[in-house]
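All chains, full assembly: derive it from the sequences and hints.
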Amino acid sequence: MFIQTEATPDPASLKFLPGRQVMAHGTLQISDRNAAAQSPLAVKLFNVDGVTALSFGADTITITKGGGDWQHLKPALLGVIMEHFMSGALIVLEPVRNTGEVGSTEEQAIVAAVKEALRLVIDPELGYNIVDLGLVYDVAIEDGGVANITMTTTTRGCPATSYLKDGARDAAWSVNGIEFVEVKLTYEPPWTPEMMSTEAKRHLGISDGGGW
Amino acid sequence: MLGARLSRWTMSYFAAALIALVAAELLMALGYGYPGAPVESAETLVLVHLVALGWLSLLMCGALFQFVPVLVARPLYSDSLPLPTLACLVAGLATLLLGFLQMDGIVSIPFAFFPMAAALLAIGFGLVLWNLGRTLWVARPLPLPARFVAVGLCSIAATVTFGIIFTLVLGGVTDNPHLVDVVASGVPLHAIAGLGGWLTFTAMGVTYRLLAMFMLAPELGGPRSRTGFYCGTAALAVAIVGGVTAICLAASVTLVLFAAGLLGLCALLLYGADILHLYRARKRRMIELNSRMAAFAIASLAASVILIVVLAGLGILAQHVAAVVFLVAFGWLSGLALAKLYKIAAFLTWLECYGPVLGKMATPRVQDLTVERRAIGWFLLYFVAVWAATAALLLEMPVVFQICAGLMLIASLGIIVQLVRIRQLLDVSATLRLPPGVRVPLLLRCSVQHD
Numbered sequence: 000m001f002i003q004t005e006a007t008p009d010p011a012s013l014k015f016l017p018g019r020q021v022m023a024h025g026t027l028q029i030s031d032r033n034a035a036a037q038s039p040l041a042v043k044l045f046n047v048d049g050v051t052a053l054s055f056g057a058d059t060i061t062i063t064k065g066g067g068d069w070q071h072l073k074p075a076l077l078g079v080i081m082e083h084f085m086s087g088a089l090i091v092l093e094p095v096r097n098t099g100e101v102g103s104t105e106e107q108a109i110v111a112a113v114k115e116a117l118r119l120v121i122d123p124e125l126g127y128n129i130v131d132l133g134l135v136y137d138v139a140i141e142d143g144g145v146a147n148i149t150m151t152t153t154t155r156g157c158p159a160t161s162y163l164k165d166g167a168r169d170a171a172w173s174v175n176g177i178e179f180v181e182v183k184l185t186y187e188p189p190w191t192p193e194m195m196s197t198e199a200k201r202h203l204g205i206s207d208g209g210g211w
Numbered sequence: 000m001l002g003a004r005l006s007r008w009t010m011s012y013f014a015a016a017l018i019a020l021v022a023a024e025l026l027m028a029l030g031y032g033y034p035g036a037p038v039e040s041a042e043t044l045v046l047v048h049l050v051a052l053g054w055l056s057l058l059m060c061g062a063l064f065q066f067v068p069v070l071v072a073r074p075l076y077s078d079s080l081p082l083p084t085l086a087c088l089v090a091g092l093a094t095l096l097l098g099f100l101q102m103d104g105i106v107s108i109p110f111a112f113f114p115m116a117a118a119l120l121a122i123g124f125g126l127v128l129w130n131l132g133r134t135l136w137v138a139r140p141l142p143l144p145a146r147f148v149a150v151g152l153c154s155i156a157a158t159v160t161f162g163i164i165f166t167l168v169l170g171g172v173t174d175n176p177h178l179v180d181v182v183a184s185g186v187p188l189h190a191i192a193g194l195g196g197w198l199t200f201t202a203m204g205v206t207y208r209l210l211a212m213f214m215l216a217p218e219l220g221g222p223r224s225r226t227g228f229y230c231g232t233a234a235l236a237v238a239i240v241g242g243v244t245a246i247c248l249a250a251s252v253t254l255v256l257f258a259a260g261l262l263g264l265c266a267l268l269l270y271g272a273d274i275l276h277l278y279r280a281r282k283r284r285m286i287e288l289n290s291r292m293a294a295f296a297i298a299s300l301a302a303s304v305i306l307i308v309v310l311a312g313l314g315i316l317a318q319h320v321a322a323v324v325f326l327v328a329f330g331w332l333s334g335l336a337l338a339k340l341y342k343i344a345a346f347l348t349w350l351e352c353y354g355p356v357l358g359k360m361a362t363p364r365v366q367d368l369t370v371e372r373r374a375i376g377w378f379l380l381y382f383v384a385v386w387a388a389t390a391a392l393l394l395e396m397p398v399v400f401q402i403c404a405g406l407m408l409i410a411s412l413g414i415i416v417q418l419v420r421i422r423q424l425l426d427v428s429a430t431l432r433l434p435p436g437v438r439v440p441l442l443l444r445c446s447v448q449h450d
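Just so you know, the protein sequences line up as chains H and Y, in that order. Sequential numbering of the first sequence, starting at 0, is according to numbering that gives the first Met the number 0. Sequential numbering of the second sequence, starting at 0, is according to numbering that gives the first Met the number 0.
Read the hints as simulated data drawn from the structure, not as lab findings. Where hints are given, some of them may not hold.
What the hints assert, rightly or not - Mimicking EDC-like on lysine to aspartate or glutamate, the simulated pairs with C-alpha atoms at most 20 Å apart in a straight line are:
| # | chain 1 | residue 1 | chain 2 | residue 2 |
| --- | --- | --- | --- | --- |
| 1 | H | Lys-14 | H | Glu-105 |
| 2 | Y | Lys-359 | H | Glu-105 |
| 3 | Y | Lys-282 | H | Glu-181 |
| 4 | Y | Lys-359 | H | Asp-165 |
| 5 | Y | Lys-359 | H | Glu-115 |
Claimed, not checked - Over the 12 Å line for every Cβ pair with chain Y, so calculated as not near, a few chain H residues:
| # | residue |
| --- | --- |
| 6 | Lys-14 |
| 7 | Gln-20 |
| 8 | Gly-25 |
| 9 | Asp-48 |
| 10 | Asp-58 |
| 11 | Val-110 |
| 12 | Pro-123 |
| 13 | Asp-142 |
| 14 | Thr-153 |
| 15 | Ala-159 |
| 16 | Lys-164 |
| 17 | Asp-165 |
| 18 | Phe-179 |
| 19 | Leu-203 |
For each residue, glycine too, the CB sits at the ideal point set by N, CA and C.
Shown next as structure tokens:
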């Protein structure tokens, strides 16, 4: 894999071209660390000191720095991007879609209802719901009322894993219009506290910013 | 189920262990054993084995049956072995204690208690090794915390081997000169393999994972942690293998122990640096009681190391070694065990009662099963009493030591009451305590409800 870089009119921004697809649809602007939780790659890039904003295009990653020298930043950023693409990890956790592409309003409403129902399921250790903890990576609705939930746990091998999975299934099943629920457990990307909502972080007394 | 399951008999191990702790503290408060009797007396041996085998080893075994699967994200090799294992270990301990009492002339039944104890404990720990060893074996390559446990398991094998040799010689079964030499000079090696390898090294590995989990801190496994692991493993290998070799060759065991001590010191310094990093890098700023009390236990370990260095520097380590062993056993190992027990009991009880209804109805948090402000006083009393008792041993004040042991007993009973309240869900709010289908769990056994 060879990553090219390209200067932009703004000297504080640099474009990286990994030679692979970055976004399948549209673009994604990430203006601060809080918004990075939806993208494992963005989380890793924000962990490099000096990165203040990101923009993902179809095949480009534009990185904006707040300070420092590109000569010093570039090797670290190239390393992060290379490692991420080589690992085959997701760029964004939930597909970012324009409203018109998401499907029907009814489908959106069911997704929202499933997510709301999943808030009944708490991580017993952290004592907060799995949606706001960022443990639910994706909720997708297929024809026939099939809900596909992709989720993780805070730690691999947790004794609560099967209860969380079954709990998510039961909670989603309680939503009107859901006939079948498939819960897929994944550890790619691994969960980090960065993935929590601001509300969950505040509840647990966790400061914003910084990965592990 | 992916990874770990609820270990059915872990609570029974914990209960048996707590009974042994209370019995040991009661005996110390009554002036039984050291310092009222010599270190090598049968009374002290009863006390030491009640603590090391009855309290700490049973607790460690119960905890490992639950948490080794968490460390390696694989199920335990056998869920049916922990009960016969517990039966063998408890019967073996009881027989061993009877053997010591027989040695003291208190028990006059003409029965070969020592060989029987050796057989029962060998079977019990053999089953522990088989079950946990098979679980670890299929999970290779092991993550760092599990490697500590693997070395701990090798150490218990060495400890039990020493113990078997001691019981066979003391029981008059053999008079092989090499084995008699091991009995004469091998007690420090038996203690190092047990307290250092089995209990301390395993506890170090488990803390790497549990502290990271409970405080939301990054899991460690970098060069510093690995170097610490290798130094500790080397220290144990030098002490045990080198020590036995020195005994067989009639060479100096002290020199071997000095070399092992230096390696052990390096391992503990690196471990200390890692633990400091875990506490500092934690995401959860407000940490729970178990993590706060674990810090006191780790501070006791640090104090033990400092004490060893200072006493050795002054040339009086041999004179005060009992005080150091006491601080390691009660400040570090027992303090950590009680702190983590407070969390683990709540966590397992939650899984047993509320895990199966998750997603169907509102459930309490694990923290809702505990009242930390009520428990903290007992923990603080426990640690203050342990530190004061250590000082009393150093200053050779046996009456003060007995008073402190009495305070430790009161504190331990206070903590046990909190654990029983957790098991009975007494502190969960009435609205969430017993939703339809949830019942109060059995005190001594975990069984998944709603199956």
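Going down the list of hints, with the structure as the test:
Note on Lys-14 (chain H) and Glu-105 (chain H): the hinted pairing is violated, with a Cα-Cα distance of about 39 Å set against a maximum of 20 Å. For the proposed pair Lys-359 (chain Y) and Glu-105 (chain H), the alpha carbon gap of about 24 Å is over 20 Å, so the pair is violated. Restraint check: the Cα-Cα separation between Lys-282 (chain Y) and Glu-181 (chain H) comes to about 32 Å, which exceeds 20 Å; the hinted pair is violated. Distance check on the hinted pair: Lys-359 (chain Y) and Asp-165 (chain H) sit about 10 Å apart at the alpha-carbon level, within 20 Å; holds.
Proximity of Lys-359 (chain Y) to Glu-115 (chain H) is assessed by CA-CA distance (about 13 Å); at most 20 Å being required, the pair is judged to hold. Separation of Lys-14 (chain H) from chain Y is adequate, the least Cβ-Cβ distance of about 31 Å exceeding the 12 Å criterion. Every CB of chain Y lies more than 12 Å from the CB of Gln-20 (chain H), the least distance being 31 Å, so the non-interface label holds. For Gly-25 (chain H), the non-interface assignment is confirmed: its Cβ lies about 32 Å from the closest Cβ of chain Y, beyond the 12 Å cut-off.
Against the 12 Å criterion, Asp-48 (chain H) stays outside the reach of chain Y, whose nearest CB is about 16 Å from its own CB. The beta carbon of Asp-58 (chain H) sits about 32 Å from the closest Cβ of chain Y, which is more than 12 Å, so the claim that it is off the interface holds. Listed as a non-interface residue, Val-110 (chain H) keeps its Cβ farther than 12 Å from every Cβ of chain Y; the least gap is roughly 17 Å. Separation of Pro-123 (chain H) from chain Y is inadequate, the least Cβ-Cβ distance of about 5 Å not exceeding the 12 Å criterion.
Here Asp-142 (chain H) stays apart from chain Y, with its beta-carbon at least about 24 Å from theirs, past the 12 Å limit. For Thr-153 (chain H), the condition that its CB be more than 12 Å from all CB atoms of chain Y is violated, with the nearest at approximately 8 Å. A cut-off of 12 Å between C-beta atoms contradicts the statement that Ala-159 (chain H) is not in contact with chain Y; the least separation is 6 Å. For Lys-164 (chain H), the non-interface assignment is contradicted: its Cβ lies about 8 Å from the closest Cβ of chain Y, within the 12 Å cut-off.
In this structure Asp-165 (chain H) is not separated from chain Y by more than 12 Å, as the shortest Cβ-Cβ distance comes to only about 7 Å. Listed as a non-interface residue, Phe-179 (chain H) keeps its Cβ farther than 12 Å from every Cβ of chain Y; the least gap is roughly 16 Å. Annotated as non-interface, Leu-203 (chain H) brings its C-beta within 12 Å of a C-beta of chain Y; the closest such distance is 6 Å.
Hint violations for this structure: numbers 1, 2, 3, 12, 14, 15, 16, 17, 19, all remaining hints satisfied.
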